[in-house]
Amino acid sequence: MSADNQFPQWEVFIQSKTGLPYKHVGNVHAADGELALQNARDLYTRRQEGTSIWVLPTDQIVASNPDDSDAFFDPAEDKIYRAATYYTMPKGAKHI
Amino acid sequence: MDVNEALLKYCLRLGDDAMILGHRLSELCSKGPYLEEDIALTNISLDLFGQTRMMYTTAGEIEGKGRTEDDFAYKRLEPEFQNVLLVEQPNGNFGNTVARQMIFSVFYYHLFKELQTSSNEKLAAFAAKSLKETTYHMRHSCEWIVRLGDGTEESHWKIQDALNDIWSYRHELFEKDEVDETLIEAGLIPDTVTFKAAFEATIQDVLDRATIEELEEGWKATGGRKGHHSEYLGHILPIFQSIPRTYPESKW
Amino acid sequence: MEDVNRLEAFQAKIDREEKIEPKDWMPDDYRKHLIRQISQHAHSEVVGMQPEGQWISRAPSLRAKVVLLAKVQDEAGHGLYLYSAAESLGISRDELLEQLHTEKAKYSSIFNYPTLTWADMGAVGWLVDGAAIVNQVSLQRTSYGPYSRGMVRICKEESFHQRQGYEIISEMALGSPEQKQMAQDALNRMWWPSLMMFGPHDADSPNTGNATKWKIKRETNDELRQKFIDKTIQQATVIGLTVPDPDLKWNEETEHYDFGPIDWSELKEVIHGRGPCNKQRLNHHRKAHNDGAWVREAANAYAQKQRDKKKVA
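Chains as they are written, first to last, in this note's numbering: chain Y, 1 to 96; chain Z, 1 to 252; chain F, 1 to 313.
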């Protein structure tokens, strides 16, 4: 019994409706992009979950490192002035 | 021939083609070359059974005797089935499976493209829906034939053999008899001769990309539309119909 | 960070009900436990395609046929989600399949029983998927992110599976005398193996400690088994079928069903490869895998040729 190739892995992103963001739903194994696309369609859109699919080889993904998450993400924590709720508006002012 | 009678037979033929091929593909469940392909093949089977059900239901309505989709599927014998011999051929290896699928899907792709403009509403709606599914089946089988043909040495001779074995089964799809002539004359279905060249071109393109050498013509399969089948149908139906036949009074 | 500090931070994360993701640091044992559990879950889905798959060609109506096809397709899909989750922990699909083929990895005991009549299609959906649902609903809250997300997806799809089975067996239980007998017979054969699906008693389960501490398992084997029994008895009663357990009794005090002793020796035999269908299931899977090798090789060869063409161009 040969231990052989089971194809590279592709990450699958589905857009459920035009205009919405693409969501990561999982991955498939396929020899090339065309087969990955077909397999992703068969696996992830059986219940009408999508109108568009992206597949991307897993090893092409650049991901942030969890060990760096403090440096990467915490600085946003105290910059609450980026949220609209930080500002007090005069009562009665509309459309702002 | 009366148009309604021809329409009834035509719908049954479409239903029978889809049912027997759907059956063949359903036999492959849990036997695919890898898990993703298992899903792909059973997906095609599901689509085909959906087409079967639509056509059998329509046939029952045309006939007007109260026969249901299950009556057509489970209570007719081999001589009453009018599917082409192509769809009865065994699954063999994966190459045999996709070779059979390509010929079937390319034909029906072209047929449904024309049929969706039929003045018969039911046929038109059926063709429009089935066209979407068949387009995908065609893509799937053609892409696989390219990969097998231009893959390894082993896959190349395997798909070459598979195509040779099934090649002369394609002619039957283009046969015309009184049923077809009646409906063509009534303007309800296209004359298959009008898309024969397109059919051949689609397939030749795949064969070229797959580096397939010239294919041999064997015995020109025929007889299915008259109820004269290959030996395989006699083994398919007893299994397919076994439970309702054994318990004719029971409801499932 | 020192390993001790990492372990503390890891446990704190778990205690806060935060998910552990693939690139996070995790203790070796956590990783190993999950690989084993997730891969066995995946293998179960895939092997489980066989006992039902072999009835598709004989489904007694077109509707029953498409429903069964769709169900078995789902199971293949669940296998794929779970293989993905397992792979995220650093094991390849090749290794996973080799473990299955060499019997290093196990799969759910229930799939080593034969499906003998159409009523078994009812029993499998009703009891086996029913038991799986109890387990999987609980696992939605498991600590490992990819496993948890896989479970959420699976649970959404699983609900039709059980209904499909229950519908089949109800129709039969309320049908002709022959159908009713077939339905009761299926229940008789599938009941105890379904209870065994939840694994040994908690006291005899070696992995429970860590599984609970690390929130891999959210409820124990016995708790889940009891849940399953309590909800299923009523379903059997409604359609006039009798659960084959003479010791079954409603306990007013505990508000649960008391039930008879499980034959653990049978489970042991089946888990160790000596059940009715173990050899058949594995041979089938190995054969499909071996028969498909030339196809996989071709796909890889073609892909390589295209890559080479791009380089030269």
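It is worth saying that the hints were derived from the structure and are not from the lab. Just so you know, even glycine gets a beta-carbon here, dropped at the ideal spot from N, CA and C. Warning: the hint list may mix true and false statements.
Cut-off 25 Å, straight-line C-alpha distance, at most; resulting in silico cross-link-like pairs (BS3-like, lysine-lysine) [claimed, not checked]: (1) Y/Lys23 to F/Lys104; (2) Z/Lys75 to Y/Lys17; (3) Y/Lys23 to F/Lys180; (4) F/Lys23 to Z/Lys251; (5) Y/Lys17 to F/Lys309; (6) Z/Lys75 to F/Lys180; (7) Z/Lys132 to Y/Lys17; (8) F/Lys213 to Y/Lys23.
Chain F stretches covered by chain Z per the calculated footprint, using a threshold of three residues with CB under 8 Å from any CB of chain Z [stated by the list, open to error]: (9) 174 to 188; (10) 259 to 272.
Evaluation of the provided hints:
no.	hint	verdict
1	Y/Lys23 to F/Lys104	36 Å, violated
2	Z/Lys75 to Y/Lys17	44 Å, violated
3	Y/Lys23 to F/Lys180	47 Å, violated
4	F/Lys23 to Z/Lys251	54 Å, violated
5	Y/Lys17 to F/Lys309	36 Å, violated
6	Z/Lys75 to F/Lys180	23 Å, holds
7	Z/Lys132 to Y/Lys17	19 Å, holds
8	F/Lys213 to Y/Lys23	32 Å, violated
9	174 to 188	holds (count 4)
10	259 to 272	violated (count 0)
In summary, the structure is inconsistent with hints 1, 2, 3, 4, 5, 8, 10 from the numbered list given earlier, while agreeing with the others.
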